[in-house]
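In the order they appear, the protein sequences are chains R and C. The opening residue of the first sequence carries number 1 in our numbering; numbering runs sequentially from there. The opening residue of the second sequence carries number 114 in our numbering; numbering runs sequentially from there.
I should point out that these hints are in silico values taken from the structure, not numbers from a laboratory. Positions of the beta carbon are idealized from the N, C-alpha and C atoms, including for glycine. Be careful, since some hints might not be right.
What the hints assert, rightly or not - Facing chain C, according to a computed beta carbon distance under 7 Å, are these residues of chain R, among others:
| # | residue |
| --- | --- |
| 1 | Gly42 |
| 2 | Pro43 |
| 3 | Phe104 |
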Amino acid sequence: GAGVSQTPSNKVTEKGKYVELRCDPISGHTALYWYRQSLGQGPEFLIYFQGTGAADDSGLPNDRFFAVRPEGSVSTLKIQRTERGDSAVYLCASSSDSGFGYTFGSGTRLTVV
Amino acid sequence: SQQGEEDPQALSIQEGENATMNCSYKTSINNLQWYRQNSGRGLVHLILIRSNEREKHSGRLRVTLDTSKKSSSLLITASRAADTASYFCATDRGSRLTFGEGTQLTVNP
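For reference, chain R alone in the conformation it holds in the complex (with noise of 0.2 Å):
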């Protein structure tokens, strides 16, 4: 596509539920990378996959977290057993190599009740 697509958009869940976070990079990006953004705050890392590996997964705050990326296209942010803290933005980048800027998605808004 022409851009980064993440779904969906607002995600509202109540405590202790599981959500999946969809981000659909741009065709052939190889590097897919998610960060999570609270309000007020600049991106923080959460992990970056290289192909269908997941190359730096050390952003990633606990075990409740985890992502997949199958096929070395579409990639799965999973939050297990979500927790209010867990609200924040969180935002998909692909890259078609380090060192030539990224592109993000529009981020998934997760609130958690």
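Position chain C relative to chain R; hints supplied.
Okay, now just chain C, sitting in the frame of chain R:
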């Protein structure tokens, strides 16, 4: 943890004036990038400057990089009301971007 720190946190100017935002970072980098964000959603890539470059221009944007001081600045000339947004610097060390807290720029018509 956030590596970049933007200064100032907020900036309010009149249309037509220039806006300067600064960014400091702590570790060595491959490149430094500036992004813009409207309404807390998607980030838009503005400009990338490599560690061996000192200055770069793109339209009304001018970016400088001083690796000895680990700092960068973004200058927007002849600002417009449409430039109102949050601006973030991000350092790239090869496998991830590390963002600062951002500068909220308000351009008053």
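State the violated hints by number, sorted upward, taking the hints as numbered earlier in the document. The structure conflicts with no hint, since it agrees with every one listed earlier.
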